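The numbering of the sequence shown is the numbering used here, which starts it at 1 and goes up by one.
Incorrect hints may have been included.
[To be verified] Derived DSBU-like pairs (lysine-lysine); straight-line CA-CA distance at most 35 Å:
| id | residue 1 | residue 2 |
| --- | --- | --- |
| 1 | Lys42 | Lys25 |
| 2 | Lys141 | Lys129 |
| 3 | Lys216 | Lys178 |
[Unchecked claim] Per label pair, the in silico range of CB-to-CB distance:
| id | residue 1 | residue 2 | range |
| --- | --- | --- | --- |
| 4 | Thr179 | Tyr237 | 32 to 40 Å |
| 5 | Phe148 | Lys209 | 15 to 23 Å |
| 6 | Pro55 | Phe220 | 48 to 56 Å |
| 7 | Lys129 | Leu226 | 25 to 33 Å |
| 8 | Asp138 | Val54 | 15 to 23 Å |
| 9 | Lys42 | Arg201 | 47 to 55 Å |
| 10 | Lys178 | Glu35 | 47 to 55 Å |
| 11 | Lys141 | Thr84 | 26 to 34 Å |
| 12 | Ser33 | Glu91 | 15 to 23 Å |
Please keep in mind that the hints were generated in silico from the structure rather than gathered at the bench.
Keep in mind it's a predicted model, so treat the numbers as computed, not measured.
Every residue, glycine too, gets a C-beta built ideally from N, C-alpha and C.
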Amino acid sequence: MEKENQIFGIRAIIEAIQAGASVDKVYIQKEASGELMKDLMKVMKRGNVKFSYVPIEKLNRLTPNNHQGAVATISPISFYDIETLINKVTESGKTPLFLILDQISDARNFGAIIRTAECTGVDGIIIQKSGSAPVNGDTVKTSAGAIFNVPICKVEHIKDAIFYLQGSGIKTVAANEKTDQTIYEVDLKEPVAIIMGSEDRGINPSVLKIVDEKAKLPMFGTIGSLNVSVACGAFLYEAVRQRN
1 MEKENQIFGI RAIIEAIQAG ASVDKVYIQK EASGELMKDL MKVMKRGNVK
51 FSYVPIEKLN RLTPNNHQGA VATISPISFY DIETLINKVT ESGKTPLFLI
101 LDQISDARNF GAIIRTAECT GVDGIIIQKS GSAPVNGDTV KTSAGAIFNV
151 PICKVEHIKD AIFYLQGSGI KTVAANEKTD QTIYEVDLKE PVAIIMGSED
201 RGINPSVLKI VDEKAKLPMF GTIGSLNVSV ACGAFLYEAV RQRN
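Please model the complete structure; the sequences and the hints are all you need to start from.
What follows is the structure, given as structure tokens:
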């Protein structure tokens, strides 16, 4: 954990959450108590902030400072609101290309995807607040700095984001190997959002039910699937090929 990406001390963490800082996770000392700790728990629950209980030794390793039993990791970037992001792109006059990541949990995969997204002109990446990889040093490093150039939006639920995109005239296309249609048969020249699933489970079945189209990559080997960042690159570059 990079020291510049953490906050220590109960009151400092409370104030950061209340100020709207992008707090990824809070580490709480096991068996910690007191009125201030109760206040922190209330603020975290209201803000839907992830937390876990850890031994004091872990907190001491995270920071040499007086942590008071709590250390938080914060994101090195600010996140966009979905309405602001979509309005900004649609008003720009270009044909929107969005990427939705349904609970991709590996920070390095996330960083590699962001790097490809930046190279292919993706207008914004939409992730879910819960279950998604944190934006940390590994993400920044594997994105080669691209994370600072691609808007990222956090939403409560992927399904709500899909409904909002569809209501804004943007087609949603899910990467799914259990369909007959390949990505090469899908029109990606129109406004589109490509959806990629998590490393182990793929796209949530409830999400698959509401997308406009499903598409797969043709596979010729004996292994049944690609790494998600590689598959994402293939989908995005097909969009680039069609649009150019």
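Starting from the hint list further up, note which numbers the structure goes against and sort them upward. 4, 5, 9 and 12
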